[in-house]
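**Q** Could you build all of it, start to finish, from the sequences and the hints given here?
Residues per chain, in single letters:
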Amino acid sequence: MTMAKAIAPRPLATGALLLVLAAAGAAGVAHARPQDPEAALLRVWAPDNPSDRRLASADQPPPLTAEGAKLLAQRLAERKAPDPQFDRTRWCAGPGMPRIMLMPYPFEIKAERGYLAFLFGWYRWYRLVDMSGQEPQFELPTTMGYSAGRWEGGALVIKTTGLEDETVLDASGLPHSDQMTLTERLRVLPDGHLEERFTIDDPAFYTRPWTAVATYHPAPAGIVRDDICPDRIARGEPAVAGRGGPQ
Amino acid sequence: MIHRPLAPAVVAAVGLLAAAPAGWAHHSTAEFDYGKTIDVEGVVKEVQWTNPHSYLQILSKGPDGATIQWGVEIGAPAINVRLGWRKDSVKVGDKVTLTMAPARDGRNFGTLRVITFEDGHKLSGVAANIKLNAGQ
Amino acid sequence: MIRLGKAAAGASALWLALQGPALAQAFSLPPTPEAPGRAPSEPRYLGGMWDSERFFFQIENPPLSPDAKAKVDGYRAAMKSGKILSTAWTSCRPGAVSAMVMAMNSIMVLQSPKEITLLFEEPRLVRHIRIGGTHPRRLAPSYLGDSIGHWEGDTLVVDTIGYNGDFELDAFALPTSRKLHTIERLTKSADGKRVDVQVTIIDPEHYSRPFTASRGWKVSGQRHQLEYDCMENPREEEFSKAYFIKDRYRPTCMRYEGEGTAMSRIVCRKPE
Chain Z
900 MTMAKAIAPR
910 PLATGALLLV
920 LAAAGAAGVA
930 HARPQDPEAA
940 LLRVWAPDNP
950 SDRRLASADQ
960 PPPLTAEGAK
970 LLAQRLAERK
980 APDPQFDRTR
990 WCAGPGMPRI
1000 MLMPYPFEIK
1010 AERGYLAFLF
1020 GWYRWYRLVD
1030 MSGQEPQFEL
1040 PTTMGYSAGR
1050 WEGGALVIKT
1060 TGLEDETVLD
1070 ASGLPHSDQM
1080 TLTERLRVLP
1090 DGHLEERFTI
1100 DDPAFYTRPW
1110 TAVATYHPAP
1120 AGIVRDDICP
1130 DRIARGEPAV
1140 AGRGGPQ
Chain A
12 MIHRPLAPAV
22 VAAVGLLAAA
32 PAGWAHHSTA
42 EFDYGKTIDV
52 EGVVKEVQWT
62 NPHSYLQILS
72 KGPDGATIQW
82 GVEIGAPAIN
92 VRLGWRKDSV
102 KVGDKVTLTM
112 APARDGRNFG
122 TLRVITFEDG
132 HKLSGVAANI
142 KLNAGQ
Chain D
4 MIRLGKAAAG
14 ASALWLALQG
24 PALAQAFSLP
34 PTPEAPGRAP
44 SEPRYLGGMW
54 DSERFFFQIE
64 NPPLSPDAKA
74 KVDGYRAAMK
84 SGKILSTAWT
94 SCRPGAVSAM
104 VMAMNSIMVL
114 QSPKEITLLF
124 EEPRLVRHIR
134 IGGTHPRRLA
144 PSYLGDSIGH
154 WEGDTLVVDT
164 IGYNGDFELD
174 AFALPTSRKL
184 HTIERLTKSA
194 DGKRVDVQVT
204 IIDPEHYSRP
214 FTASRGWKVS
224 GQRHQLEYDC
234 MENPREEEFS
244 KAYFIKDRYR
254 PTCMRYEGEG
264 TAMSRIVCRK
274 PE
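Protein chains in written order, with the numbering used here: chain Z, 900 to 1146; chain A, 12 to 147; chain D, 4 to 275.
None of these hints come from the bench; they were simulated from the model. One or more of the hints may lead you astray.
[Claimed, not checked] Subject to a maximum C-alpha distance of 25 Å in a straight line, what follows is the list of computed PhoX-like cross-link-like pairs (lysine-lysine):
{"no.": "1", "chain 1": "A", "residue 1": "142", "chain 2": "D", "residue 2": "244"}
{"no.": "2", "chain 1": "A", "residue 1": "133", "chain 2": "A", "residue 2": "98"}
{"no.": "3", "chain 1": "Z", "residue 1": "1058", "chain 2": "A", "residue 2": "98"}
{"no.": "4", "chain 1": "D", "residue 1": "83", "chain 2": "A", "residue 2": "142"}
{"no.": "5", "chain 1": "A", "residue 1": "133", "chain 2": "A", "residue 2": "106"}
{"no.": "6", "chain 1": "D", "residue 1": "196", "chain 2": "D", "residue 2": "117"}
{"no.": "7", "chain 1": "D", "residue 1": "86", "chain 2": "A", "residue 2": "47"}
**A** Structure representation (structure tokens):
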């Protein structure tokens, strides 16, 4: 699956961040050490195509069930309205996984004994990945879900369940149920980019598991800021930078 | 902590308040009268399981037999789960009794102490143990 | 929820150790040979999952200056009349020290040689404490301030300046200003099960002298945090009776539905 292209124009207030992200990408990337895949991961990353992206494109649509297709069509129509109600990020509610990985903000991956942590540059969100090998047990579905990770060769494989169904997979409004299993495979490529493959397994809305890819480049330490979304919407800025028309 | 001798009644209030969970967490909930308790019976119309507060809406029979809607505030999901709730603990159509601390302004609204289901089982709300108002 | 008894945790660790190098990749640690206190039993190691020992919603008897006391007394009067105090916390933008004073539920601590990072479940926020650093000469004021830490014996001392004064200390809206300076002292107990947290607040704008809130974290049996998303569903009931400590806490109504007065249909009213 290919990613949709970035779109323009973007609000002036967010232009600075997007320029920083693009410039960091153009400035060259670090060299990965293939024998130390975890160390290569532990840094700040920024999306290669900084826009509020879609997981799938018009020429490669996801394998939606009839119900999923109906819901998506409703949401695409709603996107044309000034205030689409399906998109909770508009009022600063959490985007959840996988969407937060597709938003135009940098993030940092850090390690702790038995865990990895992703610290995002959007409204103080973060996620923990349990690396201890234990299966998560949970009573409360959340927007980030419950993630268990392991290394398979040089790739970090994360399995996430317990994802609450109030979020959408991406800015287009792709649906998912709380029975979804999200699998991510992350690896740092020889050119230093981070490649992440997202596999969606959700029979409620998709006829089979399907995979999309996103890539990121190393970004300077310190650009993951404390972002206060309600302050931004109070100033009349968009809750998510780079929002334009449908892609 | 700065310590000062407190009158026994205030100590008791602080003791109860100190144990108070999310009902106090977000704000000073002075909109409810914690010195009172009322029971409202009805059928669940809606369950709103969200942050920062969750709500139940029930349809009840008023004194004149007309149907009236009552709302009750319950805690945030992460708090309720620790009190034994799940997202589907209450379902639309359930016959329930809501024991609540009522809103001071007389609206059909309150904060939940206990919900009792038709089969007799109960779940506690965040106001289960708050018996005094702040400053009393 | 996962309830790992100590025995179960110990057994898991032993099983992992016995699996040997095959599992080295599954349970690898970043290579930090120079890091002091990396082992869990080390006193200078605060990493891992903690739970706030007890929820506090206020700091008692703060040494308020006369002006600040008049303000806070006004807030209490508003509360007595049935209003809800709307603070930075309730409007979903708390400051770092508010999280230390009023932490609920779990706190995950990441520890590396150059930084200790605190991940709060409620209120959701991330604090970065640079170990051994100094404050920059120029600081843009922020909700989190700039935190630097150093060890005094086995106590982590965190010095923070650069707060923006746009938040309150507790649920009764104790004020802060840009002069706010906090010094926190975190000390793990000898048995490793508890972190003693002393939060000293210095703000000559509003308080006649420094004062300290005592808090504590206990080791958590969980390996996951839950979520509290303050902005998820802002409802009319929550701010129609609010007393806004500052105008900036007024909600921006981005999600509105329903007409009339049926409670279950009103999220918020769009401003005219």
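**Q** Now look at each hint and say whether the structure bears it out.
**A** Okay, the hints, checked on the actual structure:
no. : hint           : result
1   : A:142 to D:244 : 22 Å, holds
2   : A:133 to A:98  : 15 Å, holds
3   : Z:1058 to A:98 : 23 Å, holds
4   : D:83 to A:142  : 16 Å, holds
5   : A:133 to A:106 : 12 Å, holds
6   : D:196 to D:117 : 24 Å, holds
7   : D:86 to A:47   : 18 Å, holds
Violated hints are absent here; each numbered hint is respected by the structure.
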